[in-house]
Each structure stands twice: as C-alpha cells, then as structure tokens.
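Chains as they are written, first to last, in this note's numbering: chain A, 1 to 314; chain B, 1 to 387.
Everything labelled a hint here was simulated from the structure, so no lab data went into it. Positions of the beta carbon are idealized from the N, C-alpha and C atoms, including for glycine. It is possible that some hints are incorrect.
Unchecked claim - Residues of chain A placed beyond 10 Å of chain B at every Cβ, according to the derived structure: (1) Gln44; (2) Ser153; (3) Gln201.
As the list claims (entries may be wrong) - What follows is a set of in silico ranges between Cβ atoms, one per label pair, in the way DEER data are often shown: (4) B/Thr6 x A/Pro57: 44 to 54 Å; (5) A/Thr267 x B/Pro273: 54 to 64 Å; (6) A/Val141 x B/Pro273: 26 to 36 Å; (7) B/Glu8 x A/Arg99: 31 to 41 Å.
Chain by chain, the residues run as shown.
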Amino acid sequence: MDFRFTDDQLTLAETVRDYLAGTHGPEVLRRLDSEGNRDPAIWQGLVDMGLTALLVPEEHGGLGLGLVEAALIATECGRACLAEPLVDTAFVAVPWLVRRGETAELGAIAAGTRKVALPHVLNPWVADGADEFPGQLLQSVDPLRNLVMFPASGSADPHLLDLGALMSAAQLVGLAEAMLHQATEYAKVRTQFGQPVGAFQGLKHQLASCAVAVEFAKPALWRAAGALECLSSNASVHVSHAKVMATDAAIQTAETAIQVHGAMGYTYEVDLHFWMKRAWALAGAWGDRACHLKRIDQAVIGGTLPIGPEHTFA
Amino acid sequence: MHLEYTPEQQAFRAEVRAWMEAHVPKEPLVTLECREGYDQHVEWERTLASGNWGMVTWPEAYGGRGLDLIQWLIFEEEYFRAGGPNRANQNGIFLLGPTIMEFGTEEQKARFLPPMARGEVIWAQAWSEPGAGSDMAAIQSKAVRDGDHYVITGQKTWSSRAAFADWGFGIFRTDPDSKRHKGLTFILFDLNSPGITRRPIRQLHGDTGFAELFFDEVRVPVENCLAGEGEGWNVAMATAGFERGLMLRSPGRFQATAKRLVELYRAHEAEAPPAAREAVVQAWMQAQAYAWNTYAVAARIMAGGKIGAEASLNKIFWSELDRAMHRTAMQILGAHAELKRFGNGQINQWLEGYIFSLSGPIYAGSNEVQRNIIAERLLGLPRVGAG
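Put together the whole structure using the sequences plus the hints.
Structure below.
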C-alpha cells in the first residue's frame, strides 16, 4: 500500500508542466482566439514531447505508459488551458482502441499524424470532430473549443465514458489550480484601501476554501486513475467520484477567482475567462454532474459498493 | 502507486478485527463529558492497553507496538468499524505523546509515555486563557522560576478533559518582560497539585467536558518543562500540527459516520428531504477523499516527508465534513431530531454528534485561523494587517 506517485511520474509531469508554461502562455490563447483556434506548431510540439505516443503500446511505436501518467499530464493540459485535442486523442481514444483491440491507427496516432474524435451518446457534440463527422458546427462558450453536432450515432460504451470523464476530471483539477494561482497572484498586487486586497480576510478565506476543495478533489482523481488503469470492478464509481469533486472544485474556484478579480475579472482583457470557460465546458462533458452523482448514488445508497472504514480501497 | 495491502497488512487487519469484535463494548458508552461516561472511557483505555493497543505506532519501549502509519490506519479503520469509543486520552496519545517524542529528554519519554499508552494517566490540555483563544500568543499565565521549581499563577479555560483528567499540559509565560510568542515555556503539571482549582464548565449539551483552571502559586518541578525555557511557542506549534494533522481525526471515524448516515437515509428514504440524498452521497465522497488523502500523506511521511501548513487543509475539511454529516442526519430525523432519547429508549447519537461537531470548526485552532494559515503560508498572501 503506497498511495504516491513514482519519481518518474512526477518528473514526467514536471517536464510537461515546464514545457507548457514556457510555450503555451495566455498570449498563445489570445493568438489562437483571434487566428483560428488550432496551430500545427503547437500540436507538433506535443508530438515531439512523445505525448501522442504516451499510451500507445510499445509494439505499436508508443511509450506504453498508463492512465495514471496520462491523468497527470491531462492535469497539466488543464493548467495550461491547452486547446489542441491531445487529451481526447491520446488519453481517451487510444486506451479505448487498445482495449477493443483496434490497433490499426495506433502508429499514426503515436506519430501525430492522426487525431481521433469519438462521439459518445452522452455528449451532444463531438469536440474537434468536424473532419470525421461533417455536420452542423456548434459554438461553445469556450472560444477555443471546436464542436460539431453529435452525429446520427455514437458509442454508448461505459468504458469510453469512464476514460473521457477521468481525463475531464484531471483537466478540471489543473484548471482549478491555475485559476486559484491567478486569483492569488492578482490579490497580491491589486491594492485598495492602501493595501493588497489579498491581505483582507474576506478574500483570503474564499481562496483558502478553494485550496481545500482542490486539495481533496485530487485524492479522488488519483484513486480513480489507479482504479481505471487496473480495471478494478468499482472503477466507474471512482471515476464519477473524481468527476464530481473536480467539477465542484473547479466551479467554486472559477466563481471565487472572478470575484477576487473584481470588475477586472468581468473583462475579456484578464486571462481568467479562458480557464473559467473551459471549466464550464468540461463540467458537462463526458457525463454531467447529475449523471455521475447518479452512478455514485446507485453504488453507495443502492448498496452495490461496500462502504465503511474497512473498505477504504474497495 | 500501489493500492493493495500486503499479506502482512491483511493479517494485521484480521488480528485487530478479531480483538475489537471480542472487546468493544456492545452498548455505546455514556458520553465522555460526564463523570460516569469518563470513568467508562478510562476503563476502555485500560482494556485497550491490556491488548497492547494503546498507541500502536509508538516504540515498544514506550508501550507501543512500533508499527508504521499504514498499520496505524488499518488499526483505526478496524477500531471505527467495530464502533470503538472515543479515546479518553486523545490529548495525551495524539497530541502530547508525539510532542514528547520529538522534544522530550529520554528521562521524560520513559516517565510520561508508558503510563499514557497504558491509559493510567489521562491528560488534559490547557492552552486557552480568557483573553487568549484564537490569539494564543496573548497568554498571560506566569511561571516564575524559584530554585528547582516554577511557581505558576494565572488562569486557563476551555481545557478539554480537565474536569476529570490526571495531568495537564500548556504554555506559560516564564519571562515576565516578554511579549507575544517569546518567553513562553511548555510545562506539564499534575492537575491535583496544591494551588490548582478546577471549575468544570457546563457545555452546550449540559455536561461538563472542559473546565477552567485557576493556578494560585502552583509549584511544578523544573524537570516538567519540555524543550527548555522560552521554547514554548515552537513546541506548542508542533503540538498543534499534530492536532490538526494526521493523528487526531483519523479517517475511519468519518467513514463510519458516513456509513451510518447512508443507513439512516435508507431507513427514512420516504420522508427525507430531497436535498438529503445528495448530501448523503457527498458525505461518502468526502469521507473517502479524506481517507485517500490520509493514505497519501502517510506514505509521504513514511518516505521522510513532513506535514506542515497543509495540516490546516485537513482540519477544515474533516471538521466541516463532520458538521455537514450530522446536520444532514438531523434533517433526515426531522421531528425526532430534538429527542435526547428516542421513544424506544435509545440515545440519539446523531444529536450528541451534531452538538459535538459544532466544536470541530472551533477547537484545534478555529477554522478562521486555519484559513488565514492556508492563505498566508500555502498561497503566500500578505499577513493580516500588513500594508
């Protein structure tokens, strides 16, 4: 029993975090917002980092790593508000295809020449799916999301839902941490009444409450990643648990962050809105709050999951 | 990340489970906050000690079993699974014990720890004073050096367990010219020393769990001072860290409450308010998240890490979770919630628990103080009053 990441996992996450911090700052989001949302150079950078190959088995030219590593990196993608469809392609579609034994395109995905968007019946859209599923384009509140209407049919596979929900939860945790950081930094430099507004307990306590919410969403996320990676029988409940806690932490942090920014937070000029809108989008993606609460409810109140102190890792 | 128990850990769980099933009282004990209940709980401490379960993580030389933190978590899970009573000696074993382990001399460890583990000496804490609650550095009670003794004069209040306990610990001002955090010393004292008057304070629920302590020239031997004169603040902060951090509120307690809440909801599903259903699901989610977080922290500590200001995140989380769970139970119970005993004679433990849960966000440093600590030490916001 050792609920920690390995040094290799932490180093991997740190490397991706540093790379994205250096190459994918708010100015990039603003450029994408005004120039068409996707940039092959950004995608190529992710490919060169090996991220599209992360979950592809080694015999298909990939790195053969697992969902824990992928969730760690998805968290970094959330932190950077990454717009390129890395998570959907490499961390949702790849493990789903591998599990189904559909290996034909894995090499191309690993090489970065193939992006995969998967329709799921719970999503009324397909993100970055217009090439494969031509149809009516839908406009998201998130200016960096490209949505096309759900095609006539899609998968209803709960495993695909679990993968999508887990990776959404991971991104939501990263988004929440980024928004908490932005709000905190703003509160340090914005002065009113002769002092930084962050010295006022009215703001401090709101930000501290966000820190608590994010801190305790994380163990649920890592529990879910570990459970889904080894396909444990209760993995779906853990994924739903992670999605609900990550969503709640992200929405609370988004609302707090705009409040801390005051009127500036209501402008397009402050970067916060990119992160906030992504959080709104992912909150409903791959099973909304109601859907995931229901799955937990059925397990916990419905009695299909053993509960109590002796069942911590049920 | 390895989320399986080893065969040794599973065997240990089975051992604890068997012992608890054989020894945990079948009927809930009377509340710890009155004489009768206190005596019952002290007797339970001695029963635990008879099985060598007093404090499993301590070295064998001090009355423990020398177990690691994962084994401790397993022990706690089984303890609460079996419905084990609250620990009468929690101020001793969870707060003072670790503090003595870190700051005490070998002589002090040998003198104080084994009787603590055996439940023979029950400890009270004496931090707060009438003018020093959240602002603990405002402490005024004095300890004046006189040869081999300190002479203590002053007043402490809201001292948990002090109405009935044997010994107490607290910080006192040993340098009369000092201010705030300086000049304080951590001193252990026999609550039956001449010059100490205990005045039990009647609490919200009508019982007397804590007390005021009046010190009138109480003579305490110098060897009862922990970590040297003037070091009191640092020692007390370490104790507070233990209090907020890993040990005082192990996850099993909240997982057991969450499970009871689920069962309560199932029994009253038809008449429960609509919002209670999600609150019950949230209770399970949060108790589990707290448990997993504790396992993660334990693994880090076992690998040489420390728990610092993040203990404040823990303290807020478990105290507000506990209050929310009991509030939900009260809502589910509806008109029955106010009854101290139900019509069938059973004690309304949800009511007792709800009242107790209201103290959680206050003791061990109020949650407002914890939020300041998080904001200032974890997030790096300017200190209160800084320009």
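Okay, the hints, checked on the actual structure:
1. Gln44: holds, 31 Å
2. Ser153: holds, 32 Å
3. Gln201: Non-interface label fails for glutamine 201 of chain A: nearest chain B Cβ at 7 Å, not farther than 10 Å.
4. B/Thr6 x A/Pro57: 44 to 54 Å: violated, 29 Å
5. A/Thr267 x B/Pro273: 54 to 64 Å: Violated - the Cβ-Cβ distance for threonine 267 of chain A and proline 273 of chain B, about 41 Å, lies outside 54 to 64 Å.
6. A/Val141 x B/Pro273: 26 to 36 Å: holds, 33 Å
7. B/Glu8 x A/Arg99: 31 to 41 Å: holds, 34 Å
In summary, the structure is inconsistent with hints 3, 4 and 5 from the numbered list given earlier, while agreeing with the others.
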